[in-house]
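Here the structure of chain A is known, so what remains is to put chain B in place on it, guided by the hints.
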Amino acid sequence: MALVEARGVTKRFGGLAAVSEVSFDLQDGEILGLIGPNGSGKTTLVNVVTGALPYTAGEVRFRGDSIRGRPPYEIGRMGVSRTFQIVKPFRNLTVIQNVMVGALFGARGGAATLSEARRRAEEVLDFVSLSHRAEMAADGLNVPERKRMELARALAMRPTVLLLDEVMAGLNPAEIDAAVALIKRIRDRGTTLIVIEHVMKAIRDLSDRIMVLFHGEKLTEGPPAEVLSNPDVVSAYLGRRYAERAGA
Amino acid sequence: MATRSSAPVVIGALVVLVLAVAPMGLSPFLTQFLINLFMLAALAESWNIIGGFTGYASFGNVAFFGIGAYTTGVLLSVLEWPFALALPLSGLVAMAFAALVGMPILRLKGHYFAIATLGVAETMREIVYNLKITGGGTGLTMPITKNPLPFFYLMLGILLAATVVNWWLSASRFGYGLVAIREDEDAAMAMGINAALYKTAAFALSGAFAGLVGGVFAYWITFIDPEGVFKVITTIQMIIMAVFGGMGTVVGPLLGALVLASVSELLSTHLVSLAELFNGIIVILVVLFMPKGLADAIRKREFSLRQLARNLREYRV
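Chains A and B, in that order, give the protein sequences. Those letters in the first sequence? Residues -5 to 242, per this note's numbering, in order. Those letters in the second sequence? Residues 432 to 748, per this note's numbering, in order.
So that you can see chain A by itself, here it is in the shape it has in the complex:
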């Protein structure tokens, strides 16, 4: 049995099908890359799976139990954490307090005491190399740091499954390499990941499998090399004319 099984997940906004009949399995311990052009439904899929948006149809099972219709906080406590594409820091709290919230309320009820939460938060900040900002107000971080803080908050929840929504946007190539290494270390510590990313090099290096969304539908899925050379994928991203000219 796969860790996460999604079957026919559909989300319509009025007449627009943002996500349409998407099914996939997520195996324990793997990294699934989720790509697709802007507006293809990646973030909507994350929002539906994590309970932030209601389903129009379909179902997602986590460890065999349906999580459709459960509120976000329950799904978070069950062990499914996420980051937000548009970061949502707790601005007036310090960085370590932000991360402590994750430790306090995360998987299976979270840390029992503030001091335990602080210890866990320190550990996670060290892991994502943000310790030097621990006592700074979250408002004072730059965008890449905010993304890393979001990652730290999600990790402090000790998730089984982690959904990362474009945590590498705005990073330079060296920072991207560091982020790829970091995400691999998260997986090695036993967390299964879905990674949404536009940086193709990163997604190729990271993913065990890649799933492509296009206009809300699943275009294809498979090993990175195969998916990224698929003519349909190339034309979805770059237009049909480019794909033909490239001889794909």
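Hints in this document: simulated from the structure, not taken from any laboratory. Among the hints, a few may not be true.
Said to hold, decoys possible - Ranges between beta-carbon positions, derived for each pair:
(1) ASN561/B to GLY2/A: 49 to 59 Å
(2) THR50/A to ALA515/B: 55 to 65 Å
(3) ARG538/B to GLY8/A: 16 to 26 Å
(4) THR50/A to THR554/B: 35 to 45 Å
(5) GLU169/A to ALA444/B: 50 to 60 Å
(6) GLU24/A to VAL714/B: 41 to 51 Å
(7) ASP182/A to ALA602/B: 20 to 30 Å
(8) LEU539/B to ILE80/A: 48 to 58 Å
(9) PRO48/A to GLU557/B: 32 to 42 Å
(10) GLU169/A to LEU539/B: 38 to 48 Å
(11) THR50/A to LEU539/B: 17 to 27 Å
Don't be surprised by glycine CBs; every beta carbon is placed ideally from N, CA and C.
Same frame as chain A, now just chain B:
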């Protein structure tokens, strides 16, 4: 959030000790002033739970105060219960009412929530106005007590309890949950916080304290009517005091109540017309110079024009 240190606790304990023995040597005027001050400070601390920590600006907290006042009023003067039984019920009834009303209206945010709470308070006044048991528009008269000391200690006790609860919020899991909701509710929920439950609990807690204060107020003042206990200005006072002192801090509402109650007492004995104007001016000055309140400004010791310019930029006033 407030950092933990022993100094405020020691100072607080000393102040309480002094206050506890004080009324024996105080003039009747000063005693009345202090009872009123404790009342306002307790109301500001109670508002702080929902408005300051949770970030839901309630403009209707006077409803809980009024419900508390009328619970004690009806039990005392109509049903002739002892005050010792009536007062706890004031807190319980106001708390239950806050929880019940909170469940639907806490789904609203920002201005919509503010307007809904304002509506709740206005509606409560009209309901009380039209009920028989509350005496309608003529109000209720309590049995008269000559000795103000019980009220002094009761108000002080409620203020202490409300302050302790605020302090607990600043250093507990529950408080972290509320602050996370204030800062970003979507992120808070994704991180495992049951926002609906937490908000309702905060509103109920806020309501309980306002209800208790209302109960003591009714017996102390001996006469209540709908116009008197459901005044919009009472809610506004709670908000101004909390904002002036520092929302979401423990000592902020205390400081705000102390400064504002003292100044408006001085002004109203000398310049009545200025007293009304004063609250308005204070709000403008606070928003411009120290949007995080007096407590924060004192801690950072920043009262400069540069600070004003930075606030204008940062908060786009």
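Hints and how they fare:
no.: 1; hint: ASN561/B to GLY2/A: 49 to 59 Å; in the structure: holds, 55 Å
no.: 2; hint: THR50/A to ALA515/B: 55 to 65 Å; in the structure: holds, 57 Å
no.: 3; hint: ARG538/B to GLY8/A: 16 to 26 Å; in the structure: holds, 22 Å
no.: 4; hint: THR50/A to THR554/B: 35 to 45 Å; in the structure: holds, 38 Å
no.: 5; hint: GLU169/A to ALA444/B: 50 to 60 Å; in the structure: holds, 51 Å
no.: 6; hint: GLU24/A to VAL714/B: 41 to 51 Å; in the structure: violated, 56 Å
no.: 7; hint: ASP182/A to ALA602/B: 20 to 30 Å; in the structure: violated, 36 Å
no.: 8; hint: LEU539/B to ILE80/A: 48 to 58 Å; in the structure: violated, 23 Å
no.: 9; hint: PRO48/A to GLU557/B: 32 to 42 Å; in the structure: holds, 37 Å
no.: 10; hint: GLU169/A to LEU539/B: 38 to 48 Å; in the structure: holds, 41 Å
no.: 11; hint: THR50/A to LEU539/B: 17 to 27 Å; in the structure: holds, 25 Å
Comparing the model with each earlier hint shows violations of hints 6, 7 and 8; every other hint is respected.
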